Structures are given as C-alpha cells and as structure tokens.
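Build the full structure now, drawing on both the sequences and the hints.
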Amino acid sequence: MSTLHVVSHSPFSDIRLSSCLRVLGSDDALLLCGDAVYALQLQGTALTALTGKTVFILEEDLQARNLECPPWAACVDYPAFVELSIRYDKVNSWL
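Numbering (our numbering) for the sequence shown: 1 to 95.
What the hints contain is simulated information worked out from the structure, not anything from laboratory work. Small disclaimer: the values here were computed from a predicted structure and weren't measured. Note that CB positions come from ideal geometry on N, CA and C, so glycine has one too. Some clues are possibly wrong.
[What the hints assert, rightly or not] Label-pair restraints from in silico Cβ distances:
#1 Ser13 - Pro79: 24 to 30 Å
#2 Trp94 - Leu47: 14 to 20 Å
#3 Asn66 - Ser2: 18 to 24 Å
#4 Arg22 - Pro79: 27 to 33 Å
Take a look at the structure:
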C-alpha cells in the first residue's frame, strides 16, 4: 500500500522529517510544504537522505521562501497536490 507523506514543519525545529524518512517505503512519496521546504537548505546526510526518494515540493511555498526546486524533486501546485492525494492509497500528514 503506497502512502503520500506530507511534512510541513521545518527540519530545523523538530524531528518530523527525519522520523518520516525512517518509515518511508519504496512505494511511498514525500511532499514538502510550508516550512518543510527549508529541508532543501540542509547540508550533508540530511539532504542526501532526500535524494533517491520520490519527493514533491509545493511550488508556492518554494516561491514564498525564494528557494528553487532541485533536479531530483518535482514541483507541484495545489491541483497536483490533490491529484497526488488521490493517486496514493493513503495520505499521512505529519502534524
């Protein structure tokens, strides 16, 4: 069963992103939104943990923080976010 994991909190303020990455399965995907897009500023192993995964990033939140989408991720808008939530068997929001 595939899961879309949605993380919206900064990786600099808590461990939700790292906890999510520990349980991310091979059929799962990660959507970074809100302050979670700051994960793109991480250095070393934290950023390496994101590469090789299926990662989507909410484009509006990237633009609001003046960040760019890396080549290993896909930027999505809100309609695409809705489509992703339908495509995956379940959605897990890391509140």
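Hint by hint, where does the structure go against what was stated? Just the numbers, ascending. Structure breaks hint 3 only.
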